[in-house]
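A.B. asks: What follows is each chain in one-letter form.
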Amino acid sequence: MLKNACEVCELNTTSDLRPLGESSSKYDYTIALAGNPNTGKSTIFNALTGLKQHTGNWPGKTVSSAKGNFSYKEHEYQLVDLPGTYSLLSNSEDEEVARDYILFGKPDVTVVVVDAGRLERHLSLVLQIQEITSKVVVCLNLIDEATRHGVVVDVRSLSKDLGVPVIATSARKKEGISDLLLAIHQVATGKIVPEKHEIKGIPSEMQKALYEVSNALYSLDNTLPSRSWLAMRLLQNDESISTALSSGKLSTKINKDNFRPVLDLAIAYRAEDGMQYSRKFSEAIFNTVFKIVKTTVQSDEQQRAFRVDRAIDNIVTSKYWGFPIMLLMLGGILWLTIIGSNYPSSALSYLLLDQLYPLLKEGAVSIGFPWWLSGFLIDGVYLATAWVVAVMLPPMAIFFPLFTLLEDFGYLPRVAFNLDRIFNKAGAHGKQALTMSMGFGCNAAGVVATRIINSPREKLIAIITNNFSLCNGRWPTQILMATIFIGALAPSYMSHTISTLAVIAIVVLGIGFTFFTSWMLSKTLLKGQSSFFTLELPPYRPPSVLQTIYTSLIDRTLIVLWRAIVFAAPAGAIIWLISNLHIGDTSIAVWAIDALNPIAVIIGLNGVILLAYVLAIPANEIVIPTILMLTAMTLGDATLGEGAGVMFEVSDGEIANILKMAGWTTLTGINLMLFSLLHNPCSTTIYTIYKETNSLKWTTVATFLPIVYGVLVCFLVTVAWNFFS
Amino acid sequence: MLLSALKKGEKSRIVSIDTNCTNEVYQRFLDLGFVPGALVELQNISPLGDPMAFMIHNTLISLRKIDADKIIVENGKEETSC
Ligand SMILES: Nc1nc2c(ncn2[C@@H]2O[C@H](COP(=O)(O)OP(=O)(O)OP(=O)(O)O)[C@@H](O)[C@H]2O)c(=O)[nH]1
Ligand SMILES: [Mg+2]
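Same order as they appear, the protein sequences are chains P and B.
If you read the first sequence in our numbering, its first letter stands for residue 3, the second for the next number, and so on.
If you read the second sequence in our numbering, its first letter stands for residue 3, the second for the next number, and so on.
If we strip away everything but chain P, and leave its shape as in the complex, we get (with noise of 0.2 Å):
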């Protein structure tokens, strides 16, 4: 590749960057990505390793540490994305990761990120960060922001006040990533060497017990990290941080004898001020950062970009326009998806299934395979997959980068704010509507997110209600049965307008679900109030849409299609098997049908729908493909004879006639909507559960409770429409 004069330019420094993405284990130094949340901390872990970690503009997108590396000049780093934490004074869990990492994880350089629009916040963390190790570097992010809001910071002044370097950088537009990295490089290698910052205005008794005690930590072992926070710690009787000492569990050289005089002296001015200290400690940072920020930063509060933000939050947040808007924003991104899939997946259907498919039979037939491997391979195994990518695959890809422009515009944290009450009442926390909304784009993920949740409690009721948030997997499928039995019985005009409404009943009443169970289980199983939060709602941010639309696509596009040939190949092998093994004279899969029917018939599905959810218990992506083979099977079961379970042609017109066919009504469509909503988490979705509870007993919960709950609900709507009709 031909380069341009700027970038073999000896003063680009970035010419000297080389991402390497995924970690290895060959490196010279480990930089940490420290910062309070929502600062742009993985959108520079990504500009650096060339890695895709994934960012929104909410605090708490990070919830695990992330791994890269990259080279630059003579040298290899490792750089650790931590997830965002605001002080290393509290000990809240959600922030517990990134404290332990920042207090004991011994980078070689920790670089914190603040927000330069909002320095008298963030720079706490940075004299917190100080007070610990010298060798950090403040990255000044958001510039591109805080000149937009009027506010311009003195970075000279800021580095020498600070006595770090400080870097201005955009991190978005990767502008400032070079100096970065260059004050990175000379720090790591001590070409810089920082000065270690005193915080001014502690009580002198208060230092003297910190200086004690932390001399005393010292004596035991001296290269014990972090020692005049493990002080204040101390000072301020927090067990597990004595427990982790005397245990042995922060060195080896500590143990439970040689620490009891560390712990008594500390006891000892414990007595005298309580827990008096982390607040003095606290208020005297606070009046460092004034006084630092007085001298450098400028601002002009009036300025136009804080209106807009101010005008926009009025509306989404007000009284009557709130709730409104918020199905309004669902029910565009649906309906965008629902008019915008309907192209590329007759496209792709022709393509595979019209096109691709009679060639394979015909190549098959020519190379001379056996009908059943032919069958096997290509009636099976090729057809799930082909189905997956042209029913799934196109409204997937669609309604993944509206939901990703919407979640980095900064909207989730308005419908939080707005929701909040609702969860309150139920004895669930704030921060349940931002998972919840993560739920909806996949539940696995969802069910990670909930780590920003505090008390145990309260995450145990985001992780079992986390499924009736419907997942990308089953926006499909909903909008296929909405629109071929609910807006088909409307004027065609109106069509994708009733379909999309009847999508947003389903999402409603999930959301109901939701509310209702976490009320259940405050109230049973999991007793007890909601409890004390904080959410910030951080700046609407213009999101890049061409980037995000790009990224996401093809992110969404490659895990999608991984995933249709790890689970749809396999399932198209079962399917294809089952239909075409036969006990006596009728195929294993018409066998299964006709015994699960009886049952189906109650509720008001059937056989084929119970049959495809059991085959469709890895991924919720398969039903629809597998309902569709299996009844093109049933269907044609007599006059196909060999080589069962065939399926081609995909409009909707197509499908609607199949399956009316096969017997359909509306009624089996309204109900295959309900059971989409209520039923077990997919595979994956139920092992991140178990990972993130430890608990069988929880997972069972959350795995069986929703089928309950889908058996109850059709059952009802059958009765109730058997009644009417």
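Keep in mind that the hints were calculated from the coordinates and are not lab data.
Ideal Cβ positions, reconstructed from N, Cα and C, are used throughout, including at glycine.
Since no wrong hints were added, every one of them can be taken at face value.
Computed spacing ranges between beta-carbons, pair by pair:
1. B:Asp-71 / P:Asn-260: 42 to 48 Å
2. B:Asp-71 / P:Glu-200: 32 to 38 Å
3. B:Gly-39 / P:Asp-18: 43 to 49 Å
We have chain P; now place chain B with the ligands onto it with these hints.
C.D. replies: Below, chain B with the ligands without anything else, positioned relative to chain P:
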């Protein structure tokens, strides 16, 4: 008066934080910049009346009423000064 008693759009200065609240809550308030002397404004109220969003140090932070009541602010109105 209590922070939650502010009207929409009203500004005031923080006087103190209820020292009876747990250390974790107190610390989180400090982390978010709710320190004595800071200027806060009630910017938005959720459609259902609770929680409320306060503008403090250029950041919008949502608190439930019950938690906002742990913060005491100066009485009466104050004009923007800083
Ligand atoms: N305008 C602008 N937006 C940015 C910049 N850096 C990051 N963003 C956006 O800010 C949001 C937050 O970025 P992330 O990288 O997810 O932040 P984070 O610090 O990893 O957040 P947590 O993982 O929640 O702690 C995303 O929507 C980014 O696209 C920047 O320099 N300018
Ligand atoms: Mg992140």
